[in-house]
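K.L.:
Given next are the chains, with one letter for each unit.
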Amino acid sequence: MHLTFVDYSIIVIYFAFVLGIGFALRGRMKTSEDFFLSGRSIPGWITGLAFMSANLGALEVMGHAANAAKYGMFVNHFYWLGAMPAMCFVGVFMMPFYYGSKARSVPEFLKLRYNEKTRTLNAFSFAVLTLLVSGIDLYAMAILFQRMLNWPFWSSVVASAAVVAIYIYLGGLTSSIYNEVLQFFLIVFGFLPLAILGLKEVGGFAGLERSLPNPGYAHTWANIWDPSQNPMGINWVGTIFGLGFVLSFGYWCTDFLVVQRAMAAKDMPAAQRTPLIAAVPKMFFPLLIILPGLVAISLDPSLTKFLDGRYDNAIPALLGRYYPSGLLGIGLTALLASFMSGMAGNVTAFNTVWTYDIYQTHINPGKSESHYLKMGRLATVFAVAVGIVTAFIVLKFTNLMDYLQLLFAFFNAPLFATFLLGMFWKRATPNAAFCGLLSGILGAAGHYTLYHYKVINYPSDMAANFYQAIYAFSICFLVTVVVSLFTAPKKDEELVGLVYALTPKPCTSHLPWYDRPGVLAIGILALCLVLNIIFW
Amino acid sequence: MGLDIRWPIGIIFTLYGLILIVFGALTDAAIFERSLGVNIDLWWGVAMLVFGFFMGGLALRASRRNRP
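So the protein sequences, as listed, match chains A and B.
Per this note's numbering, the very first residue in the first sequence carries number 36; after that it's consecutive.
Per this note's numbering, the very first residue in the second sequence carries number 122; after that it's consecutive.
Simulated from the structure, these hints should not be mistaken for lab results.
Be aware that one or more of the hints could be misleading.
What the hints assert, rightly or not - Distance condition first, Cα-Cα at most 16 Å in a straight line; then the derived EDC-like pairs of lysine to aspartate or glutamate:
{"id": "1", "chain 1": "A", "residue 1": "K461", "chain 2": "A", "residue 2": "E404"}
{"id": "2", "chain 1": "A", "residue 1": "K65", "chain 2": "A", "residue 2": "E529"}
{"id": "3", "chain 1": "A", "residue 1": "K301", "chain 2": "B", "residue 2": "E154"}
{"id": "4", "chain 1": "A", "residue 1": "K235", "chain 2": "B", "residue 2": "E154"}
{"id": "5", "chain 1": "A", "residue 1": "K137", "chain 2": "A", "residue 2": "D496"}
{"id": "6", "chain 1": "A", "residue 1": "K402", "chain 2": "A", "residue 2": "E68"}
Predicted model only: the values in this text are computed from it and were never measured.
Only chain A is shown next, with the shape it has when bound in the complex (with noise of 0.2 Å):
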């Protein structure tokens, strides 16, 4: 494949609108809140659109049209059975914790429900783990542009992710936010066109049912109960409990990388409506990024033609196989787009987390606004350099996505029974969301040591990563539960806007029937219903 003179137009084109962006918001960036969480001024829709891009990093991108490729349709099931309810459910019943709290951070809010060591072990496996994730997402889109395009990898990885650096560093938060909604735009025109002669090569939705390897690819439902008969060899307890309800709460209910643009909107019904307004893109997800993946294994079966034996290759082997220059242009900036999206979501998570949970509560606190402000800049730059090396690392791994869901295995599946118990039982003591946290993780660590060692097994590593969710979930809850029967619990007044018995609902009465969370959600879930059956 190669690029004319039209395509590296368009692409410089986009780089420089994407640093405009920063340079237009440098001069709003005076306290380290504007920096970090935008002033909280930003209105519903642009948060929601941000909240759905930043979770379209190119790894997100890339890893579900492979496994859609590898398993089919049942790869849905991360969209409408997983992402769904668990953003209506943070949209409708966890934001007014959130936003209402005027918890800075997710880490915060530990610290206001429970302690401060709570606080300071989830910020720092945090840290961890998003600083791991930008390195994996900046590592795949290099190793991408160097088998399509033969641009060396150290340059790609370090020319993108400066881009990234630079534009955070000028106008913070609102920078990210604000090219994440331009980038997403971006990555809807720039895959579309894929879906669409996809389709229209393999002659429409039932041309592809026909042309599909195995029949079960075309279904999301309908080999649920027999393991044997599904692709990934899953039964319904692993795909409802573990991928439907822990991994996926977990990850959107309790990742500060998305919580985050839903703290910078500028009301609570600006906040609450932040995911519900990007659940409805997401819905609809499976169209750019899981049917191309179909399209993808119908046309080239054994993966010899053009899949070159690698599923990862899907999506980009496709742009290859029918854009035109120009078009390929804009395929390649949608792809630059979704990398940056997700790596800048990253970014703005960490700098915060480090600034305010690690740095000011730990290192230095007590200083001044500008001091933290310049932190956050500094913390940017950092970890960017850290992402870089850690794409170097990850050079020497295999396996990307199933590393990635053993991360959330570890981090966020525990964290979301921490979240659960302290929004929703007021008798959740602090000591026990410690001792529940920690031993959620080493929990998670236990089981993923037996499945390495080949104690246990699981037909594919996916299901494994699914049952180690639900391991770390239920020890986390099992722990805080007992525990939290033996030690002091906190005053009730000081649980206020913390916890769901002790907090005044927030009154939507006075808002039109279509500004509603409630209304909203029901709305989207019933549509998702609908998706699930036609795809049955």
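Since chain A is already given, all that's left is putting chain B on it; use the hints.
P.N.:
Just chain B now, kept in the frame of chain A:
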């Protein structure tokens, strides 16, 4: 708010739309064999241009409303 994000989105999509339309209209049809014989540059350029105008229009309306 200092910057209405709909402006940059409107402008970049208009620009990309125009580039694709001009390139698609002037280029030899042979390169569209890979896109199944469809002049996808031209058609997708039109789609991006329309979206660019739509976003720009929204931004314009908002700026007029704020400064009557």
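K.L.:
Determine for every hint whether it applies to the structure shown.
P.N.:
These are the hints, each one checked on the structure:
1. A:K461 <-> A:E404: Not satisfied, since the Cα-Cα distance of roughly 34 Å exceeds 16 Å.
2. A:K65 <-> A:E529: Violated. A:K65 to A:E529 sits at ~32 Å, over the 16 Å cutoff.
3. A:K301 <-> B:E154: violated (49 Å)
4. A:K235 <-> B:E154: holds (14 Å)
5. A:K137 <-> A:D496: violated (39 Å)
6. A:K402 <-> A:E68: Holds, at roughly 14 Å.
Consistency with the previously given hints fails for numbers 1, 2, 3 and 5, ordered from lowest to highest.
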